[in-house]
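Got chain A; can you put chain B on it based on the hints?
Going line by line, the protein sequences match chains A and B. Here the first sequence is numbered in the numbering used here, starting from 1 and rising by one per residue. Here the second sequence is numbered in the numbering used here, starting from 1 and rising by one per residue.
A few of these clues could be false.
[Unchecked claim] Simulated restraints on C-beta separations:
{"#": "1", "chain 1": "B", "residue 1": "V52", "chain 2": "A", "residue 2": "A313", "range": "29 to 39 Å"}
{"#": "2", "chain 1": "B", "residue 1": "V70", "chain 2": "A", "residue 2": "D72", "range": "47 to 57 Å"}
{"#": "3", "chain 1": "B", "residue 1": "R280", "chain 2": "A", "residue 2": "G202", "range": "31 to 41 Å"}
{"#": "4", "chain 1": "B", "residue 1": "K196", "chain 2": "A", "residue 2": "E139", "range": "56 to 66 Å"}
Calculated directly from the structure, the hints in this document are not laboratory data. All figures in this text were calculated on a predicted structure; none of them were measured in a lab. Where a beta carbon is used, it is the ideal one built from N, C-alpha and C, also for glycine.
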Amino acid sequence: MALLPNRLCKAWGVVLLLLLESNPASSWAQEGKTAEELYNSALVSFNAGKFVDAEAAFSEFLTSYGESGQIDELLPRLLPLLAISQIRLEKFDTASETIDRALEVRPPITPQAAEELQFWRGVCHLKADEFDLARARFESFAKEYPRSDKRIEALILAGTAFLMEEKWADATAYLKPLEETLAFPDKGRIIVLRFYSLLQAGRWDEAMQLVNETFPHLDKMIQVSAMQVLALELGNTLLEQERYREAIGCFQRIWNRSRVLGLQQERLEGLRARKVAAERRNDPFEQFRTSQLLAKVERELKTFREIESFDPAVRLRLATAYLELDRYREAAIVLEGMLTDLPADPIVEGASLTLLKCWAEVQRWPRVVENADRFLAKFRRSPQVPVVLFLRGQAEQEQGEFTKAIATFDAIVTKHAESELAPRALFMMGYTELLNEDYPAAAKTFQMVSDRHEKEDISEAAVYWKGMALSMDKQNEAAREQMDRYLAQFKNGSFRTAALFRKAYSAHAERRYDISIPELRAFLRAHPGAAEVDEALILLGDALMAEGDIDEGIATLKRVSQQNIRFYEEAWFKVGRALKLLEDYSGMRAHFEQFIRMRPESSRVPEAVFQIGWTWRQEEQPDEARRVYEETINAMADDPNRIAVEDLLLGLIRLARSPEERADLRADLIQRLQRAEADQRPVLQSRLAWALGHAFRRDDPERAQLYFEEAGQHAQPSTSNPLLLADVASAHLAAGRRDKAAAFYADLIKWNPRAPQKDQALAALGTIAKEEGRIEDALRFFARFQREVPGSLHAPKVLAAKAEIERMQGRSDEAIVTLESLLEAEGASGREKAEALYQIGSIWLERGNPRRAFPYFQRIYVLYSRFHDLVAKSYVQCGSILESLQDSQGAIETYRELLEREELLELEESKIARERLRVLES
Amino acid sequence: MRRSHSHLLLLLLCSVLLARQVEAQHSTAAASEASGVKPATQDILFRTSGQVLEGRILSVDQRGVRMEVVVIEGRPPGQVTIPKSDIDRIEFAPDPQEQALFERLGDAPLAELEAFWLRKAPTLAIEGSRAGEIGLAIGERLLTTGQSADRTRALSLFNLIENSDWQPERQSRGKGGRLKAMVLLDRADEALAEAKEMVSLTDDPRLLLESNFILGEAAFATLQKLVEENPRWQEDLFVRPEYARLFNDALDHYLFAPLFHGSDEAAATRGLWAAIQVLRFDRQEANAQHLAQDIVTLYPQNPLAGQARLLIDPSASASEDSTSAEPHD
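One chain only, chain A, in its complex shape (with noise of 0.2 Å):
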C-alpha cells in the first residue's frame, strides 16, 4: 500500500485527460456523477481509508469506461488501487481478477506495484485453497524479489500452505531448511510451525528434539504462548506413551500462566506507548500498523487466558510422569505449590491427596502434617478428610509425637465414625498408645476395635496386640489368656506363631517354667524357622537351668544362631554362668576363651577375661589371672578399633590390690610403655599411659596428670575412646590448659556422639566458654546440654552456670527457673541446692519483692544446715527482710536464732547479727 500516496497526483492527471477527451454524454449522467467525480471520490475514499466506498467508485469507473479504451493509460494506476482495496475487503476472488488484469495490462504496471500485487496474488490463491499455486506464488515472489521485505513472510506463507493442506511430512521437510536460514524472531515463526507440524505427523522424537534445541532461546521467540501448548501437547501424547522422562522435559519447561501472561502484557504495554507516539508524530501507517498489532496480541491474550486450569494441568501431569518414575520428591515439590497457591478446585483436592502421600513416601513427615493442616483448612468438606487425619496421624506417630498422634486418630473415630478408616485409625490410636507406654491404654482401645469392628480384617491385629500391651505392662496371666482368645479365634491368623511364643514368654516372665518349658519346646518344634526362635531358646535355656537341668539348659543355650549376635553373646555369657555354678572352672576358662577367639571385637570381651580372671583366682592364681589379662591386651593393644582395651587395662589395674602389686604393675607398664614408643606405636602408648594414669591416680595425683596428658599426645581424636579423651580433656583443664582441655572435649563429642562421657564434655565446653567470656557459645553448650543429656549428674553445675549468666544479662525471670529447676535436678548436692535457694531469694531481693525472697533464706537454714556460711549469710539476710517489713521481733529472733549456733559465732555474719540485734533492742 505504500505505493499509493506518491501516485495520487499522476492519477489525478490522468483523469483530467480522461475528461477531457471523453463523452461527457455518458454513464456519469445516470449517476449524476462526472467521470471526473467519480474518479475523485474513488480516490478520496480510498486515501481516506473508506475501501468500501473506493471499491465501489474504482469499479464503477471501470465498468462505465473501461471498455471504451479512453482509460487504458489509466488503468495501470488504477488496477492497483482496487485490488488493494478488494483485499482490504478480503474480496479476495475478485481481488485475485484485479490482479492478473493488473498484472497482465499494457503499459505494465510500476515494478513497485507489480511486487506488491504478486505478493497479495499468492495470498489470494491460499485463500482460495489453491495451495499449489499460492506456494508457486510465494515461492517465485521470493527468487524475483529477494530484497522485498516481504520476502521472508512469502516463504512462511509458502510453508503456511503445507500445513493448510495438512501435508505434515512435506511442511516440516520446507520448514527445517528454511529455519536454519533464518535469524530470531522469524525462525520463531518457523518453529512454532515446524512443531506443530510435527506433531500432527506423529514424530514425537523430532517433537522432543525440537523442544530440547529451542526451549533455551524461547525468550527470543514472539509466540510463547504457542511454544507452551505445544509442548503441553506432545507431553501428553509421551506421557500416554510411558515415556516419562521425555514427558518431564516438556512439562517442566512450560511457564506458568502468569508468566507467560505477563510477557504479553509487557509487549502489550510497549505496543500502546508506541501507537501514542506514532499519534503525536501523526505517522498515520503507524497508527494503522500498531493497531492492528494490538488487537492481534490482544486476541492472543484472550486466547491464552481461555484454557481453564492451565497451571493445575500442567503441574498434576509433571507430577504423574514423576510419580511414574517413583520420584516422589519431586512429585511432592511439584505438587505442593497447588495446595498453597491455586483455589480450591477438584484437581488441586486430588493433588494434594497425592502430595500427602508422596511426602509420606520419602518420610518427609513434618510436610506431611503441614500440608495436611493446608488441606484440611482449605477442603474442609472434602470426603478425604479422614485420608487426610489418618495421614497426618502417622506423620506424628512417626515423628514421635504420640500424644498428637492419638488426637488425630480419634478425631477420625469420632467425628468420622462412618469412614471405612475408622477401624484402622481406632486400632492406630492403640498402636499409637502403646508405643508412647500407656499399656492399659492401649489394650483398652484395641478391645474397642475388636468390640466395635468385629468383622472388620483388623478385628485380628487388634485381638493379638491387645495381648501385646497386657504382656507389656506386665499383666502376664491376662495377656497368656488373650493370646489364647487370639489362637481360638483365629486358626488361620497371621500373628499365631507370635501369640504362641508371647504366651510361653508370658509363663516365663511369672516363672511358671512348668508351663514355659513345654510350651517353648512346642513352639520350637512346631516354628523352627521363626523369627523368635533365638530367643525362645534363650527362655527355654533359662528356665531349664532354673529347673535345675543345667545340662540341656546349656545345650539349648548352644543352639542359639550366630545371626542375632545380641541373642548369641547373652546366651554364650549364660551358659559361662552355668559353667560357674557347676564349678567347672576350666570348662568355663575355655568357654570364654573361645568367645574372645572368636568375637574379638565384641564390647563383651573384658567381661569374658574378667571370667577366665575369676576362674585362676578361684583356683588361687592370681598370677595366671594377671596373664590372661596381659595377654589379651598385648593382642588387642594396637588395635585402635578394640574397643574393649581400655577397660582390660582397668581391669588390669583393679587386680592389683597390695601396694606392692600396684608398685610392679606400674613398673610392667612404665617398661611396656618405653618399648612401645621405641616400636613407634601410638595407639599403644597413648592407651598404656592413660593406664599408668590411672595406676597412679590414686597414690600419685600429678604423676597420673602429666601420664593422662602423654596420653593425649598420641591419641588418635578418631579411635581413641572417649574415657581415654575425657580424662585427657580434664587432666588439661585441672591444668588450667582451657584450650586443650576444649580440643579434646569438642573430640569426645565429635567422634564419639552417643559416649556416655557426653554430658561430662559439653559441661566443661559451656563452663570454659563461660570463663572466657564466650558467652553466647557457653549458652549453646548449656542448651545442648539440656537438650541431649538432661538426666546428667553434671546437671546442677551446668544449670548453676546458665543461671548465673542469665542473670548477669538481666533474664531473672528465666534465671528463677533454671534455678528451681536445678532444685529438682537428681544428683543435685546439698549445696548446690543451697547455693540455688541463696541465688533465688537474692533475685526476689533484688527485684524489690522481700517477701518473696524469704522462704529461699529460710530453707536453708531450716534444710541445709550444715553449709555454714551459707546458713549464716541466710539469717542475715532473713533478719534484714523482717526489718525492712517493720517485723522487728521476728528480726531479733532470727538474729538470735543465729547466735545460739556455735557453730556460726566465728562467722562474719554473727558480728553483723549481734550488732543488729544492738540496734534493735536499744
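For chain B alone, coordinates are given in the frame of chain A:
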C-alpha cells in the same frame, strides 16, 4: 491430537499475527536501509516539544540528561542538560564495536569490557541502553577470580545495575548477582535473609531462581559443615534430624529450577547438577544417576550432559570426559 486441532490452529494464527509485531519492530531499520539513508552515528534525543537533538549522551542524573551537541554549526560542541520531563525518547547511535562485543560477551577480555563500561555506564538508566549487560558480564567475571577486592567491586556493580538499569529484567539479574557476591563475601546471612524474603514475596522468575539456588547452596554448605563437625552423625540422635532438614532443604531449593523453570536451561542444569552433588554426598548414587539421566535426556546439548553421562557410565569415552564442563562447586 485431533481434539486440540482447532485450538492449536487458533494459536498458530495468533502466532502469525504476533509475528507482524516483530516485522513492525524491524521495519524502521529495514526502511532506512532500503531508502539508502545511513544509520545515525550520533545519539538522538527527541524532546516532547518536537525538537530533535543529535550528539553524544554524557550522563544521566536526577536533573536530566547531559548531552554534548553542536549548538552553532562550525563551532566546537557544547554541553546541555535536558530535564527528564522534556524528553520523549532517546535513540542511541548504533555502535558496531558494541555489537561485536555483545556477540562474544562471555569470552571478551575483561579490559575490553571495562573500557566499554567506562563509556556506556552513564547511559545505564536510559531506555534502550545496553550498558547494564556489560556491567553484569564484568560482575560475573569478577566473581570468578577468587579475589576479595574483585568480589567487592562486583557487589557494587551489581548494586548499581539493580538500582539504576532502566530494564527490570536486568535489575533482577543485578539483584541476583549482588546476592551471589554477598555469599562469597561472607555475608551469607544477609544474602540468605534477603533470598528467603524474595522466595516468599517475588514473582520474578530470575530472582526466584537465584534466591532458591542461593538457599540451596547455603543449606548444602551447612550440611557439609554439619557432617564435618559430626562425622558420626548417623549415631547422633540430635544431629540426625538436622542432617535430614538440611539435606531436604538443599534438594528442594536446587530442584526448584528444573521443576518449575525447565526452559531456563542454564538454571535447570545448574540445579540438577547441584542436586546430584547433594545426593552423592548422602551416598544415594542411584538417585543421583536418575538426575544425571534427566540432564542427559532433557538437556543433551548442555556442557553438563558430558559429566552426567560419565556419572551414569564411568566407562564412557575419555574424549567425552575431556569435552565436558567442570561441575559446579
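The hints, checked one at a time:
Take B/V52 and A/A313: their Cβ atoms lie about 51 Å apart, and the range 29 to 39 Å is violated. Judged by the Cβ atoms, the range 47 to 57 Å given for B/V70 and A/D72 holds: they are separated by roughly 55 Å. A hinted range of 31 to 41 Å holds for the C-beta pair B/R280 and A/G202, which are about 39 Å apart. The given range of 56 to 66 Å is respected by B/K196 and A/E139, whose C-beta atoms sit roughly 58 Å from each other.
Violation of the numbered hints given earlier is confined to hint 1; every other hint is satisfied by the structure.
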